[in-house]
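Participant: Spelled out, the chains give:
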Amino acid sequence: MSGASLDRNPPVKLPNEPTITPKIVAEHGLSPEEYQRVLAIMGRTPTMVELGIFSAMWSEHCSYKSSKVWLKKLPTKAPWVIQGPGENAGVIDIGDGQAAIFKMESHNHPSYIEPYQGAATGVGGILRDVFTMGARPVANLNALRFGDPAHPKTRHLVSGVVAGIGGYGNCMGIPTVGGETNFHAAYNGNILVNAMTVGIAPTDRIFYAAAAGVGNPLVYVGSKTGRDGIHGATMASTEFNEDSEEKRPTVQVGDPFVEKLLLEACLELMATDVIVAIQDMGAAGLTSSSFEMAAKGGLGVIVELDKVPMRETGMNPYELMLSESQERMLIVLKPGTEEQARKIFEKWELDFAVIGHLTDAERMVLSWHGDIVGNIPIPPLVTEAPVYERPWTLTPLPGVLDADKVPAPKDWRASLLALMSCPDLASKAWIWHQYDHLIMGNTAIRPQDGDAALVRVNGGHKGLAMTSDCTPRYVQAHPETGGRQAVAEAWRNITAVGARPLAVTDNMNFGNPQKPEIMGQFAGAIMGMAEACKVLDFPVVSGNVSLYNETEGRPILPTPTIGAVGVIEDITKAVGSRLIQAGLGIVLIGETTGWLGQSLYLREACGREEGAPPPVDLAVERRNGDFVRSQIAMDRVEACHDVSDGGLIVALAEMAIAGGTGMEIGQPAGNAVPSHAFFYGEDQGRYVIASGSADDVIEAAHAAGVPAVLLGYSGGASLVVKSLLSLPLSDIKAAHEAWLPGYMAATD
Amino acid sequence: MKAAVLVFPGSNREGDVAQAIELVTGRKPQMVWHGDGDFEKTDLIVVPGGFSYGDYLRCGAMAAQSPVMAEVKKRAAQGVPVLAICNGFQIVTEAGLLPGTLMRNAHLKFVCSDVHLKVETSQSLFTNRYQAGQVIRVPVAHAEGNYFADDDTLKRLEDRGQIAFRYCAPDGTVNGTGNPNGSIRNIAGVFNETKTVMGLMPHPENAVEPMFGGCDGKALFEGLVEALT
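Line by line, the protein sequences are chains A and B.
525 is the number that this note's numbering gives to position 177 of the first sequence; each next residue is one higher, with no gaps.
230 is the number that this note's numbering gives to position 189 of the second sequence; each next residue is one higher, with no gaps.
By construction, these hints were calculated from the structure, which means they are not laboratory data.
The structure presented is a predicted model; accordingly, all values stated were derived computationally and were not measured.
Incorrect hints may have been included.
[What the hints assert, rightly or not] Cross-link-like lysine-lysine pairs, in silico, BS3-like; alpha carbons within 27 Å at most:
(1) K695/A / K196/B
(2) K695/A / K259/B
(3) K196/B / K114/B
(4) K810/A / K69/B
(5) K259/B / K691/A
(6) K196/B / K921/A
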């Protein structure tokens, strides 16, 4: 049957098709106003499948309707950016004809409802986003936020999420090399699972989603379509309530084995010359993939739904269009190449079906055993999509907390041990030992051995550094400062291994945007991030927004997770944070004012979360970071660690226990900052360097206008802080490593 | 040395071992698809790590029934050396080329970590570049590496010197702390009776370069090259 003849037919009603009522509209997450737009576009009452398509495409998850106006403010361009936001993932040039392709994406709502499958399919989804573009994934990272460890669900969620991430990534054979895990009561009802994948492709073989060529075949490959995940995108666009458990059937079920086959089959197909466009079926499945491919190409599409490979009998067009079954791809092939492509997918034992073709009608036409069951004009669904400038109220900057208002520890040993074993700082080895972080043989800096993970690029000496960062308590206190800080810390972590920071992917996790104070958090965070990205030449190339992270009106801490990638030309020059050599000078780079507001010390030792977060001076950040990188490149640095959560003393303790070498240090003579503020303060833009030529480093720092001071020297088996503390490393290590395994093994 | 690396749907460390072989031999091994019962003559067959057939049913059970494994069994019987790593070890035990079985890790979790191994013998194709009693550091990455065999089998293996490696502490002490998965008698790798087939859970192929996990695994491949060239 030809496209033109199909196009002229009005849709038929299927047997048993319900009449559209206001209740059905509401169940699809469309407001009455939005439904009026649907009627205006269609010029008639939509069929059920058409309503489902509008619902999915206009969901917050797919349409970014609340966030779009703000996301535009982020800088997205740089000479090395090949593809910014708007594709499946961002693409940057890393030299030698190679590109890094990466993105971070949330799977928060499903992971709370069904932690194993929710997290597993989060990993599966982000991997597909990256290999859809022609890249072989080379590394995974994940940023996890859980509720209070004392909350009855937390242990179950940690266990399920970690097993799910490992179960999927390990089977795929992609190393999981980095990430972060925090705990806070604000996540009790809404955990965050943000997964990031980095891949590498030749710059001249990158694949995009824009369809082209009227008449070209539309091909479905991968797993069969089942009834899982129907309306996942709509679920991820609403708040949770006590009935959320009933949404379990909207969570997808992953099969990493099939995804591994799909990865290899797609890469094999991509090595030929038959693909016009390719898009994975993620949120809103066949609907969003076919729609986006046609819309981006300015074309129309006919989908013959009865040709879609189905997992079960009796499925209808509505279910087929809205299923979020995993491990599926949609491809537009060059005409006449169907058999060549089919052979590759049959070799990998995957489904392959021609399910339609492109038309010039700019309409999405759905047929079902010869009848038209849906017929939607494509451009207005995009151009008339709701965009909201929601009211917003900025969070005012809290007053600065004077260090004198924060008590010094009565017992320095106990206070350091308590901090090193608190849930946010305790070793996460229990987690990352469940992830294969070594497969592919390119992992140069493993989890916990450096501020960023470092992975060699095959076939050379180049390394990719990657990290994920956010300090939600800072963002909560003042979103603008927190947004700035998240970007700066990611930039700092890439710098601390000696790499050049190149670009960012952002994962914006917030509460209900219909509340002005939440929208204000979003706006503030964006303003801070935009400024930091601009000053640090650190463009945003991809990202994801997750809103409505609220349960019964209680929102999460605003969490704009920043994933970042940098490059180092000669991987042998890179440094980790482990202190493994005695006799090195321990040098602090950057200025210490003793900023205790919103510090971990304040929260863990004093039970207070107050004050303004530490300010981030971006010019200073850049100056200090560029200096540190230059010293690493000159081989003057044996180990480097940024100073972040817990302040200077925590940074020193982490370096010492990671490398098994102690140190004897002290607050420099004449420094007037109170000791507890000097050692626990969280001033930004600081690094600790261990150097065999500390004098040269300090001299060079002063010449560059960078504050640098010698704290002492490495050696021994204890952390010794003159006149304050002497603590065997074995005690610190024991406290640091015991908490998480102990917590997970408990059964209360 | 000419080597062949098998590839099953779901294999994922075939690239790692191919890279290690290329590093020591200077030539790429032939990659053999699971459906190919007939492949070029080779000096060494490698059954690599991964999740063959998704590890569904039971790790290695389906791969053991594949056309390529029928051929591997035939060639192993003729004396062609077989190196079976991780999922490969699971596959060859399922195929009956090595005694014992690999159960779920005792702690029920996947474990990826460096471990220490005590080399039990240098009298084999695979371990001739090591000293008996030497301690080496290589990684493991598996969820089902808990080696088990009945007492009679264990006695036979030990009497005939068929234990290749045992998990140990960094100082070489064979005890519970060095055992990552609960393997009986800390067994990490075993030989067949003729010592032409070796299976092990750890990944020597991920310990062949100083910056990437150290070089303790490299001698295994160098020893094979020496013995088979």
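Participant: Each of the hints needs a verdict: does it hold here or not?
Facilitator: Right, here's what the structure says about each hint:
1. K695/A / K196/B: violated (44 Å)
2. K695/A / K259/B: The given pair, whose Cα atoms are some 34 Å apart, is violated under the 27 Å limit.
3. K196/B / K114/B: holds (25 Å)
4. K810/A / K69/B: The hint holds at about 22 Å.
5. K259/B / K691/A: violated (38 Å)
6. K196/B / K921/A: Outside the cut-off at roughly 50 Å; violated.
Checked against the numbered hints above, the structure breaks hints 1, 2, 5, 6 and satisfies the rest.
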